[in-house]
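Given next are the chains, with one letter for each unit.
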Amino acid sequence: MLTCDTYHLPTTLRSALELWSKAPEGSRLVSGATDILPWAREGRAGDVHIPSFVDVTRVAEFEGHSVAHGRIRLGANVVYQDFLTDGVLKHLLPCMPYCAIWFADDQIREQATLAGNLANASPVADGTPAVAALNGVVELARLENGEIKTRNFTVSDFILGPGRTVLQSGEIISSVSLDALAGYGGSFQKVGQRRSLVISIACCAALVKADSTGRVFDDVRLALGGVGPRPIRLNAVESRLRGEKISRRTINSAAQLAADEVASRSRQEYRRSVVIGFVKAGIEEALENQSDVDVKFEELENA
Amino acid sequence: MPKLKIDLEVNNRKISKETDAHKRLLDFLRDDLNLTGTKEGCGAGECGTCSVFVDGKLVKSCLMPVAKASGAKIETIEGLADPGSLTPMQKAFHKTGASQCGYCIPGMVMAATSALRENPKADIEEIKERLGGNICRCTGYTKIFEAVELAKAVIAGDMPEEALNEEEVGKSYIGHNVRRLDAPSKVSGRLRYAADMKMHDMLQMQVLRSPHPHAKIVSIDTSEAEAMDGVVCVITSDDVPEQTDGFGVFVHDQPIMARGKVRHVGEAVAAVAAEDLVIARKALSKIKVVYEELPGVYDPEDAMKKGAAVVHDYAPDNIVKHIPVRKGDVDTGFANADLILEDEFSTQQVEHAYLEPEAGIAYVDADDVVVVISPSQNITHHRHMLSHILGLPINKVRFIMSPVGGGFGGKEDMIYQGMLAVVAMKTHRPVQLNFTREESIIASAKRHPSRTHYKMGLKWNGEITAIQFSMISDGGAYGMSSEGVMRKAAILSCGPYEVHNLSVDTTAVYTNNTPSGAFRTFGGMQAQFATESMMDMAAEALGMDPFEIRRINMMKIGSKTHTQHKLTAASLDRCLDAAETESRWEKGTPNVRGDKRSDLGGDDTRAPCTLGARFTNGKNTNEERVA
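In order, the protein sequences belong to chains A and B. For the record, in the first sequence the residue sitting at position 191 is 191 according to my numbering, with numbers rising by one throughout. For the record, in the second sequence the residue sitting at position 362 is 362 according to my numbering, with numbers rising by one throughout.
Hint data in this document are derived by calculation from the structure and do not stem from the laboratory. Just so you know, not all the hints are guaranteed correct.
The following label-pair restraints were derived from C-beta to C-beta distances [said to hold, decoys possible]: (1) A:Ala182 - B:Lys121: 55 to 65 Å; (2) B:Pro316 - A:Asp5: 48 to 58 Å; (3) B:Asp238 - A:Thr12: 15 to 25 Å.
No farther apart than 25 Å at their CA atoms in a straight line, the calculated lysine to any residue pairs in the SDA-like style are these [said to hold, decoys possible]: (4) B:Lys17 - A:Ile199; (5) B:Lys587 - B:Cys575; (6) B:Lys5 - A:Asp5; (7) A:Lys245 - A:Ile276; (8) A:Lys90 - B:Lys3; (9) B:Lys321 - B:Arg487; (10) A:Lys90 - B:Lys121; (11) B:Lys128 - A:Val48; (12) B:Lys128 - A:Ile199; (13) B:Lys3 - A:Val48; (14) B:Lys14 - A:Gly192; (15) B:Lys17 - A:Leu9; (16) B:Lys73 - B:Gly97.
If you're wondering where the values come from, they're calculated on a predicted model, not measured in any experiment. Note that beta-carbon positions come from the ideal geometry of N, C-alpha and C, so glycine has one too.
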C-alpha cells in the first residue's frame with residue numbers, strides 16, 4: 001500500500017522544479033504513476049510511505065510536440081497511446097506505433113509516458129531501444145539560482161544501468177527529442193511470457209529506408225532491449241547493410257552479428273537465438289511497412 | 001491521514017469531497033462514493049476489473065492516484081445507463097451469456113464500450129486487442145466477444161434492436177439460448193460481492209502471515225500493535241479454543257491461525273482489526289513474532305523418506321492419504337503384453353486466480369448469532385466446523401454465501417472465515433477482511449503438483465493388457481481437499497479405457513509448500529495428462545492412429561470401470577467420432593507427417609497471436625504472417 005503526506009500537481013515547469021527541489025527526502029516524482037502503484041505492494045516494495053509526490057502531468061510546458069530541423073521534440077507528457085493515435089507522431093516516428101501496440105494495454109498507454117519509461121531505466125523497457133534507434137536525446141531541466149537550465153543526453157548516456165540514470169536531485173525530464181524519419185518503415189519485435197500486458201524478455205526496434213527503386217538499403221536503424229543493462233544500437237549490423245542490395249541472404253548474414261551484442265545476465269543462449277530472429281524479422285517487417293516503396297528482394301527478382 | 005480536496009464529476013454529478021491524499025481513484029469511487037461496480041481484482045493494473053473512463057479515455061483506476069482525477073469527468077459502470085435500464089452493450093452481454101461469476105464483467109463492459117467508442121467498426125481481432133487489458137477466468141472470452149460483436153451490429157444499425165431481446169422458446173429448452181437471471185445485476189455493476197458490502201461501524205482486518213515454511217512460534221508480542229490508536233483488537237491462536245481448533249474438508253488438521261508452529265509461507269499467524277485499513281496494516285508491522293526455524297520438506301518424495309521432517313505429529317510418515325485401486329492381475333497382464341511402455345509424467349502447481357480475491361464480513365447479531373458472509377464454496381460444512389471450533393450450538397452460527405467471483409475449487413477452504421468470527425465475537429462489531437491479490441496467491445490452496453510413474457502393457461493390435469499407475473502428489477502443509485482429489489485421481493486414473501488388469505496408487509503427501517486443494521477436475525487433469533499422453537505414445541510405438549488405439553480400448557456399454565462399476569451407458573465412441581471430424585484429423589500415426597500435415601491450419605483454427613490489428617495498411621495482418 002502506498003501512502004503519502006502531500007500530492008502536488010504543479011501546472012508550470014517552474015513550480016514543478018521548485019516543488020521538486022524542495023521536496024523532502026524520499027519524495028517521488030510521478031508521471032503516469034503506472035509503475036509506482038504496483039511497486040508498492042507485497043512481494044515488491046511492500047507498504048511504502050512517500051512524504052511528497054510531485055506529479056508533472058499537468059505541467060503546461062510538457063504538453064504536445066514540435067518539429068524542427070529534422071527532429072521532433074516530444075514534451076514529457078506524451079503518452080504511449082499518442083503513438084497510436086496522433087497522425088504526426090505516426091508519420092514521423094514509424095517504429096513507435098509498433099512499439100506502443102506491444103506496450104502494456106490501451107488503458108495503461110493512456111497514462112504511461114515515454115519520459116517516465118526512460119526515467120525508470122528498466123533494462124527491459126520497450127521504449128529504450130525504439131528511442132535509441134531514433135537517436136533520441138533526453139532533455140533534463142533544473143533550477144539554478146532561480147533560473148531554469150537544461151542538460152541533454154543521448155538515451156544510452158542517460159541510462160547508467162538498471163534503474164539508474166544521470167538524473168540528479170531536483171532534475172526533471174522535460175522532453176525527448178528524436179529523429180523525424182518520414183518515409184521510413186518501422187517495426188518492433190518483442191517476446192514476453194504472454195501477449196498483452198507483459199514485460200519484454202527481449203525486444204528489437206527497427207527502422208529501414210529502401211531507396212526509390214526498392215532494391216537498396218538507404219538506411220537501417222536497429223536497437224535491442226532486454227539483452228543488457230542499456231539499449232544496444234546494432235551499429236555493426238547497420239553498417240553492414242547500408243548501401244547493400246536488399247536480399248534475404250544479406251539480411252541473414254548481417255543478423256548473425258547481433259548475437260554478439262547479447263550481454264544480459266540471464267538466459268543468454270535463449271536471448272542470442274531470439275535476437276538473430278528479431279533482427280531478421282525486424283528488417284523484413286520494417287521493409288514491408290515502408291509505405292511509399294515496393295521493396296524487391298534480390299532472390300525473388302532472380303527466381 | 002493527510003487530506004486532499006477533490007473536485008470532479010462522476011457520472012454527470014459534481015463531487016466535491018475531502019479524502020485521504022494517498023487514495024487511488026479506485027478507493028475514492030468505492031469507499032468515498034460507494035460506487036462498488038468498479039472492482040479491485042489485482043491492484044496492479046493487470047486485470048481490468050477497475051476500468052473507468054477519465055475524460056473519455058478508459059484507464060485502470062487502481063493505477064491512478066485520486067489527485068490525478070481532480071477536475072476530470074469520470075464515468076463508471078453505474079453511469080453507462082440510466083437507473084433501471086441497460087445500454088446495448090450491457091444487453092448484449094445479457095443476451096449472449098457473457099457473464100458467469102460476473103466479477104470481471106463491469107470492467108469488461110467498460111472495455112467493450114471503450115473499444116466501440118474508439119472504433120465503432122472495429123473487427124473481431126481489433127476488439128480482442130482492445131479488450132487485451134481485461135482478464136476473465138470463467139467464460140473463455142467467446143461469449144464476451146460474441147456480445148461485443150452483437151452490440152456493434154445493433155449500434156451500427158446493421159441489426160435491429162430486437163436482436164438484443166430474449167429469443168422465444170421453441171419446442172424445447174434443450175439447445176435454446178436461455179438468458180441468465182443474474183446477468184443484469186452483473187453487467188450493471190449492481191451486484192455486491194463481499195468486498196463491496198459495508199456495514200455501519202465496521203472494522204477492517206489485516207493478517208500477519210508467516211515468512212517461514214516451517215518454524216516453531218516461540219512467542220508473539222502484540223502489545224505494541226494493541227496500544228495503537230485505532231486498533232480495536234489483535235488475535236492469535238490463543239483466542240481460539242485449543243481442544244476444538246482445526247478445519248479441513250476431510251481431515252481437520254488446520255488451525256484457524258498457526259498454533260505453536262507455522263507449516264507454510266503465508267500461513268496466518270495473527271490478525272489485527274482496526275478502524276481503517278491503513279491503521280490495520282501499520283499495526284501488523286508492530287507485532288513481534290519470534291520464530292525458531294525448523295528443517296522442512298519441500299518435495300513429496302523426500303517427505304516420505306525415513307527421517308524426513310514431520311509436518312503434522314498425527315502423520316509421522318507425512319502421508320495425507322493413499323488410495324489404492326486393484327482390478328484383475330497386473331503380473332499376468334504384463335506377461336501377456338507384446339510391448340511394455342514406461343514413463344514419468346509431472347504436472348505443476350497452479351493458482352486458481354479467480355478475479356475476486358477472498359473477502360468476508362463477520363458480525364454478531366442481536367440474538368448472539370455469529371454471522372459470516374463470504375464467497376465460500378462450502379458454507380454448510382464451514383458452518384458445522386465453525387460451530388464445533390467455537391463451541392457454539394449450530395443455530396448460533398450462520399454462514400451467508402456472498403456472490404462468488406470465481407472459485408474453481410479455491411474457495412472451498414475455510415482459511416479466513418474463522419478469524420473474522422473470532423474478531424466479531426471479541427469486539428461485537430462487524431469486521432471485514434479483503435485479501436489483496438498477492439495474499440490470495442500466497443494463502444489459498446493450489447492445484448496439486450503431481451508425479452506419475454506409468455507402466456502400460458499392450459498387444460501388437462493396440463489392446464491394453466495391463467496398467468500400473470502410481471501418482472505422488474504434493475499436498476502441501478494441510479490436508480484440505482487432498483483426500484478427495486486422490487480418490488478422484490485414482491477413479492479416473494486410466495481414463496475412459498477398459499483395462500482388465502490394473503494397479504493404481506495415488507498418494508498425497510504433506511510438505512511445507514503452499515497447501516494443495518480443490519481445483520477444477522479435482523485430480524482428473526493430472527491423471528488424464530499422463531494417460532492420454534501415454535495413449536499417444538503407445539500409438540506412435542505401435543504405428544497406429546491415435547483415434548484407432550482409443551477406439552480399441554474405450555469403455556462401451558457393459559464395460560467395467562477401474563472400480564468395477566458396470567456401465568449401462570457410454571458415449572466415448574461418439575465423442576471420438578465428433579473430435580475426429582471437427583479436427584479434420586488426417587489418419588495415421590501422430591509423428592510421421594511432420595510439416596506435411598494439412599489438418600493444422602484452416603478456417604476455424606486460431607492464428608498465432610500478434611498485435612496491431614488496428615493498423616490499417618493491411619501489410620501486417622495475421623493471415624499474411626501465417627501464410
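Results of checking the hints against the structure:
| no. | hint | verdict |
| --- | --- | --- |
| 1 | A:Ala182 - B:Lys121: 55 to 65 Å | 27 Å, violated |
| 2 | B:Pro316 - A:Asp5: 48 to 58 Å | 55 Å, holds |
| 3 | B:Asp238 - A:Thr12: 15 to 25 Å | 58 Å, violated |
| 4 | B:Lys17 - A:Ile199 | 37 Å, violated |
| 5 | B:Lys587 - B:Cys575 | 17 Å, holds |
| 6 | B:Lys5 - A:Asp5 | 13 Å, holds |
| 7 | A:Lys245 - A:Ile276 | 20 Å, holds |
| 8 | A:Lys90 - B:Lys3 | 42 Å, violated |
| 9 | B:Lys321 - B:Arg487 | 9 Å, holds |
| 10 | A:Lys90 - B:Lys121 | 21 Å, holds |
| 11 | B:Lys128 - A:Val48 | 36 Å, violated |
| 12 | B:Lys128 - A:Ile199 | 19 Å, holds |
| 13 | B:Lys3 - A:Val48 | 17 Å, holds |
| 14 | B:Lys14 - A:Gly192 | 43 Å, violated |
| 15 | B:Lys17 - A:Leu9 | 17 Å, holds |
| 16 | B:Lys73 - B:Gly97 | 31 Å, violated |
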